[in-house]
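Starting from the known structure of chain A, arrange chains B and C on it as the hints suggest.
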Amino acid sequence: MTALWNEIPRHGKWLTALLLLVFIAAPLVVDRYLLSVLVLVLYFAYLGQAWNLLMGFAGQLSLGHALYLGLGAYTATTLWLLFGIGPWIGVFVAIAVAAAAGLIVGWLGWRFGVEGVYFALLTIAFAEFTRIGFDHLGLTGASGGLFLPVSPTAHDWWNLNGGVHLFYYVALILAIAATLLAAWLRQSPLGYRWLAVREDPEAAQAVGINVFRVRMIAMLISAGMTAVGGVFYGFYYRNLFPSQIFDISRSIELILGPIIGGLGTIFGPIVGAIILTPVGESLTTFMQSSGLNVPGAKSIFYGIILMIIISLRPSGVWPWLAKHLRLDRPKS
Amino acid sequence: MTAITLNIIVQGLLTGLVYGLMALGLSVIFGVMRVVNFAHGEFAVVAMYAAFILFERLHLDPLISLLPIAVAFFILGYGLQRTLINPFIGRAEHEQFILLVGLATVVINVLLIAFGPDARPVNLSYSFDSYDVGPLIIDKVRVFAALAALAVSAALFLFFRYTRTGTAIRACADNLTGAAVVGLNVKQLYAVTFGIGFVCIGAAGALMETIADASPSLGPSYTLMAFVIVIIGGLGSMAGALVGGVLIGVSEALAGFFIQPSMKSMFSFALLILVLILRPQGLMGRRL
Amino acid sequence: MSGLLSVNGVNKRFRGLAAVSDVSFEVQPGEIFAVIGPNGAGKTTLFNMIAGAMVADSGTIHFDGRPIDGLRADEIAQRGIGRTFQIVKPFPALSVEENVVIGALLHTATIDEARMVARDILQQLDLSAKRNQIAASLTLPDRKRLEVARALATKPKLLLLDEVMAGLRPTETDRIVAILKDLNRTGLTILLIEHVMRAVTALASRILVLQHGAVIAEGTPETVLRERAVIESYLGVEEL
Chain A
1038 MTALWNEIPR HGKWLTALLL LVFIAAPLVV DRYLLSVLVL VLYFAYLGQA
1088 WNLLMGFAGQ LSLGHALYLG LGAYTATTLW LLFGIGPWIG VFVAIAVAAA
1138 AGLIVGWLGW RFGVEGVYFA LLTIAFAEFT RIGFDHLGLT GASGGLFLPV
1188 SPTAHDWWNL NGGVHLFYYV ALILAIAATL LAAWLRQSPL GYRWLAVRED
1238 PEAAQAVGIN VFRVRMIAML ISAGMTAVGG VFYGFYYRNL FPSQIFDISR
1288 SIELILGPII GGLGTIFGPI VGAIILTPVG ESLTTFMQSS GLNVPGAKSI
1338 FYGIILMIII SLRPSGVWPW LAKHLRLDRP KS
Chain B
4 MTAITLNIIV QGLLTGLVYG LMALGLSVIF GVMRVVNFAH GEFAVVAMYA
54 AFILFERLHL DPLISLLPIA VAFFILGYGL QRTLINPFIG RAEHEQFILL
104 VGLATVVINV LLIAFGPDAR PVNLSYSFDS YDVGPLIIDK VRVFAALAAL
154 AVSAALFLFF RYTRTGTAIR ACADNLTGAA VVGLNVKQLY AVTFGIGFVC
204 IGAAGALMET IADASPSLGP SYTLMAFVIV IIGGLGSMAG ALVGGVLIGV
254 SEALAGFFIQ PSMKSMFSFA LLILVLILRP QGLMGRRL
Chain C
4 MSGLLSVNGV NKRFRGLAAV SDVSFEVQPG EIFAVIGPNG AGKTTLFNMI
54 AGAMVADSGT IHFDGRPIDG LRADEIAQRG IGRTFQIVKP FPALSVEENV
104 VIGALLHTAT IDEARMVARD ILQQLDLSAK RNQIAASLTL PDRKRLEVAR
154 ALATKPKLLL LDEVMAGLRP TETDRIVAIL KDLNRTGLTI LLIEHVMRAV
204 TALASRILVL QHGAVIAEGT PETVLRERAV IESYLGVEEL
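Protein chains in written order, with the working numbering: chain A, 1038 to 1369; chain B, 4 to 291; chain C, 4 to 243.
In isolation and in its complexed conformation, chain A is listed as follows:
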């Protein structure tokens, strides 16, 4: 980890420190609305890191991460509602449930040679399957939804109930922790093995890498991390509907950041979230203020962005930005 920090050029260290400072101090300066946008930025940066481990590092495309998000959200909120088990304990159960689901998906796919696009379809199929299941699951309120009590004045951090400031700092810690984890993994033997498997599974096998196991570990970590994001979602919004949390659009919006920022990079998911979320939010605000309340406009915008970025800059914004800021690793 320290080696990684040392590799960043000096002005890069200053920039990183500055960015951190801005995020830590932001709640002192900005209003509630802007803070809620920043919560989303951090939330998507966090989820982007989780997804990027599987796709950017291990090379496996999942378009069904809503599954782990939803399982995490439902597990923790249900534990709290029905058994009074708080989110700080429930989150571990949530991680376990989502990781188990991830392992089932991974096992079914990779054991039977379902790879690439077929694997992506399998991930969607599982998320959809689960969505329909939850639509009929009485325990969690079925399609009618699940609601946590809302008390605007609460300062109950132990039960993850409070104002936007609480959630802002939780999201900030999550995003920082995820980034550090990604950076550490990238430099670990496991990270190198992921890259090998991403680049060429057959060649990876020939140097003694158990491709199946390495992918399963990526899935385990990615699904578990995503579940934590789901717990955050559940307690932040305090309502859950299967048709929302398990929807394919959840899966798609969480992959936009890392793709636009730069797949397989450490800072890509952060850069992507910083670019995308405010743009999407200001579009919504603009549409509302101009009296055009068109529900699909934001999605159209995202769709177009997706097509443009993948056509023109498939490796994402961060590698390009890093080069221009002279932050890329020197090549001797």
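In short, the hints are calculated from the structure, not lab data.
All of these numbers come straight from a predicted model, not from anything done at the bench.
For every residue, glycine included, the Cβ atom is placed at its ideal position computed from N, Cα and C.
One thing to keep in mind: the hints can contain errors.
Looking from chain A toward chain B, a few residues come up when the C-beta cut is under 7 Å (computed) [stated by the list, open to error]:
hint	residue
1	1154
2	1166
3	1169
4	1182
5	1340
6	1343
7	1344
8	1347
Coverage of chain C stretches by chain A, computed from C-beta distances (three or more under 8 Å per stretch; other residues unrestricted) [claimed, not checked]:
hint	region
9	148 to 158
10	192 to 206
Below, chains B and C alone, put in the same frame as chain A:
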């Protein structure tokens, strides 16, 4: 087996043939170009709306408007491949996929803005007519839709089997380098292939409009269904797409009746998972 | 079964066509053993079965006294067999050094340790100067050497080389021949499939000739290359 069960199976089978035609388009595009058309169902819904509008404005029965829609979709598919898709041939799978996910998102939300979320049915004069065959009561519209789907599929079989272009496209699918070496215009053939895939979408969409009501939310589920069918039936197998379609049609109809309509696609996914475990190359596919 | 690698009565059929039929041979520790034969003789199939990329229909393969047939490719690599691919398969987006580091990770616990091993091997294979280049940007001869480097980094007891000289200019070939001789001198056993006869004669202590999946000759280069069947089936096609 009771008469009612038999009735449901027959209804599912007829619907399944239309599903099969839709999936056929996906199978053809993937089989030849190795591109997964993730916007498949979304465009099928576009065709449904086209059939709806032609019915509302010109009182054209979707069985007739199917023809102009199929032609328009050929041009649409051809144009899409030439402009948007072609630069992505041979690029990483996830890049193609993301391009088409973006396209699907745009298409479905444009539909949402243009038509709103409400379902748009066509009310044909014979919508509620049926044939009585022994114990069976079969919806007329489903019979017509299934026959039309079979006719379009048969035309495609013949096209790929007996025409020069069809044979050339099959050559591209089998051996791309070889096809280029013998002087086939691969780019052109790819565009034609995409156009043919879109003919399937257009025709199937028009037919779907007679048995289901157009609504933007159908798009992603049709895309998924088409994939499920193609994987179950076996990739690159044209007959497999139809067989898979019938299988899904019947299983959905049975689950919808005996369990709950809202849970019917759960059974398709369960079927998909089962096939992936037991026979990953699909029912009619060649061994991977 | 005193050899490092012993192949016994191995068969492989594809859709009824015999690709490898009843092939047996032994590779002794410390030797360089070459498998030659015309295109389609089953060399690469044989090779893939030893490396675990394919499973033999029948027959046994022992390495270091233990059966390895039926093991996965990564398990075989862990047992001590390194390989290259006929169509080179570097990890394209990674640097030359990272490619070799990944190989070295098989027997090292940390990246730093693996990097030390990798740098030594890159030095040995004349790739040090290019260690920060992206593998995809290398020329074909460099990529072939990178494949050898990556395989060597796994510290194999037996190195399987699948046509590493193919497509190289004679000077490049001589360079690899010299490198392989050096490696062999340090005790590495090498099994190579090769078309370039000048490399085979310069390196191999024994040669096995395959034709239509079956062994038609085996022995020292001098004896094998004098055999009529060999000359007719193979050397008639390829210039000596």
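Evaluated hints:
1. 1154: holds, 5 Å
2. 1166: holds, 4 Å
3. 1169: holds, 5 Å
4. 1182: Violated: closest Cβ of chain B sits about 15 Å from residue 1182(A), beyond 7 Å.
5. 1340: Check passed: Cβ of residue 1340(A) comes within 3 Å of chain B, closer than 7 Å.
6. 1343: At 3 Å from the nearest chain B Cβ, residue 1343(A) passes the 7 Å test, so the hint holds.
7. 1344: For residue 1344(A), the interface hint holds, since the closest Cβ of chain B sits about 4 Å away, which is under 7 Å.
8. 1347: holds, 5 Å
9. 148 to 158: holds (count 4)
10. 192 to 206: violated (count 0)
The structure fails to meet hints 4 and 10 from the earlier list, while all remaining hints are met.
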